[in-house]
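Protein chains: 2
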Amino acid sequence: MLKPDTHYQMSAVPDIEMTLTGTAAAGGVPLYGCDCPACLRAVRNPAYRRRATSAKVKTKSETLCIDCGLMNLAEHYPPGSLDAILLTHFHVDHVQGLFELRWGKGQKIPVYCPNDPAGCADLLKHSGILDFRPIQPFEPLLLKSCTVTPLLLMHSRPCHGYLIERRGYRIAYLTDTVGLPDETLLWLTQHTPDMMILDCSHPPSENKPRNHNDLSIATEIHQQLGIKHTILTHISHDMDNWLIAGGQLAEGIELGHDGMTL
Amino acid sequence: MLKPDTHYQMSAVPDIEMTLTGTAAAGGVPLYGCDCPACLRAVRNPAYRRRATSAKVKTKSETLCIDCGLMNLAEHYPPGSLDAILLTHFHVDHVQGLFELRWGKGQKIPVYCPNDPAGCADLLKHSGILDFRPIQPFEPLLLKSCTVTPLLLMHSRPCHGYLIERRGYRIAYLTDTVGLPDETLLWLTQHTPDMMILDCSHPPSENKPRNHNDLSIATEIHQQLGIKHTILTHISHDMDNWLIAGGQLAEGIELGHDGMTL
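These protein sequence lines are chains L and C, in that order.
Taking our numbering as reference, the numbering of the first sequence is continuous, increasing by one, and the terminal residue is 932.
Taking our numbering as reference, the numbering of the second sequence is continuous, increasing by one, and the terminal residue is 932.
Hints were generated in silico from the structure; no laboratory data involved.
Source: prediction; values computed, not measured.
Hints should not be assumed to be uniformly reliable.
Note that the list lumps identical chains together, so a pair holds whenever it fits in one copy or between two copies.
As the list claims (entries may be wrong) - Straight-line distance between alpha carbons at most 35 Å, and here's what the computed DSBU-like set of lysine-lysine pairs gives:
| hint | residue 1 | residue 2 |
| --- | --- | --- |
| 1 | K778 | K878 |
| 2 | K775 | K878 |
| 3 | K795 | K898 |
| 4 | K814 | K795 |
| 5 | K726 | K795 |
| 6 | K878 | K730 |
| 7 | K878 | K814 |
| 8 | K778 | K898 |
| 9 | K795 | K778 |
| 10 | K898 | K775 |
| 11 | K728 | K775 |
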């Protein structure tokens, strides 16, 4: 018979299911009125559409929502099914779905978020059923069956990545960011993720991008941390067009799409 | 043969088509997690759903959009088809669809709005293809084929109703408001609308409501102005429940619903 701790070690398999419910840069794909190949493809075939970057995390014990830019949150999270929300930051494309949800009924929903008192419009002032709980980078949260550690990112306002760990399996979700702060790089070196979801809004560019990774920076982070499997998210039509034109991703890096389950 | 001016008089028929693209109070119907009769009915039958209050105005010459709380604006207004946007005010449920649309391509879209420099989140700062044009109450705009006059409303932030006139036919669109300021009542007495779309968020209540009409106030406005046909909008689940329970509307007053064409 296996000892409990041996059993625990053997259970270090991915029993967290993550679904990328949205993978778009601000504006989505297609952009309104844009006739580039990526946008026309997305108009013709909804499988190529990208909506606001966000993810659903499911374990046997709980359901978490990372970011709330989708407006049909009630379809993704039927009332009573959502244990907590993790907000990366308060830009509109990451919180817009909360403006309706807040006026719902039932138990309060914890919303873990960066400490950013400005919030977005009147969301913090009129929070309804949302229980906003500002948290500090690198201070782990113990949820029902997993540990969630907020990680400092580099963006135009306070922004958290999240490392979700359950039974030794680790997924890092890192958007919106341009590069990674030294503290976060060091922390991730000490807690190497099995899988990483990473901001890659732009194709490789000569100029250093602001606010979001381009593919050069995303690839550098992937290789520097020695991640086996990185999925790119927060994708713009420019990034899609670069791939349509024949651009290649480095080994271990994959393009995310809406509805992708990991 | 008719004289041109006689012909003009005879053409004073409703050649403006207005569609109520949304008729909900903030939060929509159904509210997330609510099990009241109105919300359960809307869950079971999408015809009873209410989304963010908004309207489309079409004439032979132009298409206008009043308020942008819907997120699928591209479906309602294919690129190139939208001549102008009329914003009543900058609360999120009236502008949220613009946060994606702004990053589109093509000609700038004029957005007539109250003079409210705070706007909503970063919408005025990063306006993309939107050309915000603050306008003053009671100063008429001459558009392609109709005259639009902004009317002062009473709400928790600067808010305009709009009177749209074409060939002598007048539609007043008055939301969000609680009662009407004297200047607006006087102006409407001098320019009686043929049809009025009016905020009625709440059923009749003993206490004077804040920010939105209840049915008592809406009925008083309808009767005071001698309007033949008033359609109620910005409807909450409480208002729907009051009607489900047998509440009756006064003569000439009708309940709006999403998709209703006038």
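Verification of the supplied hints:
no.: 1; hint: K778 / K878; verdict: between (42 Å within a copy, 29 Å between copies)
no.: 2; hint: K775 / K878; verdict: between (46 Å within a copy, 24 Å between copies)
no.: 3; hint: K795 / K898; verdict: neither (42 Å within a copy, 40 Å between copies)
no.: 4; hint: K814 / K795; verdict: within (28 Å within a copy, 41 Å between copies)
no.: 5; hint: K726 / K795; verdict: both (26 Å within a copy, 31 Å between copies)
no.: 6; hint: K878 / K730; verdict: neither (42 Å within a copy, 49 Å between copies)
no.: 7; hint: K878 / K814; verdict: neither (40 Å within a copy, 45 Å between copies)
no.: 8; hint: K778 / K898; verdict: neither (38 Å within a copy, 45 Å between copies)
no.: 9; hint: K795 / K778; verdict: both (15 Å within a copy, 33 Å between copies)
no.: 10; hint: K898 / K775; verdict: neither (42 Å within a copy, 38 Å between copies)
no.: 11; hint: K728 / K775; verdict: within (23 Å within a copy, 37 Å between copies)
When the structure is compared with the earlier hints, violations turn up for hints 3, 6, 7, 8 and 10 and for no others.
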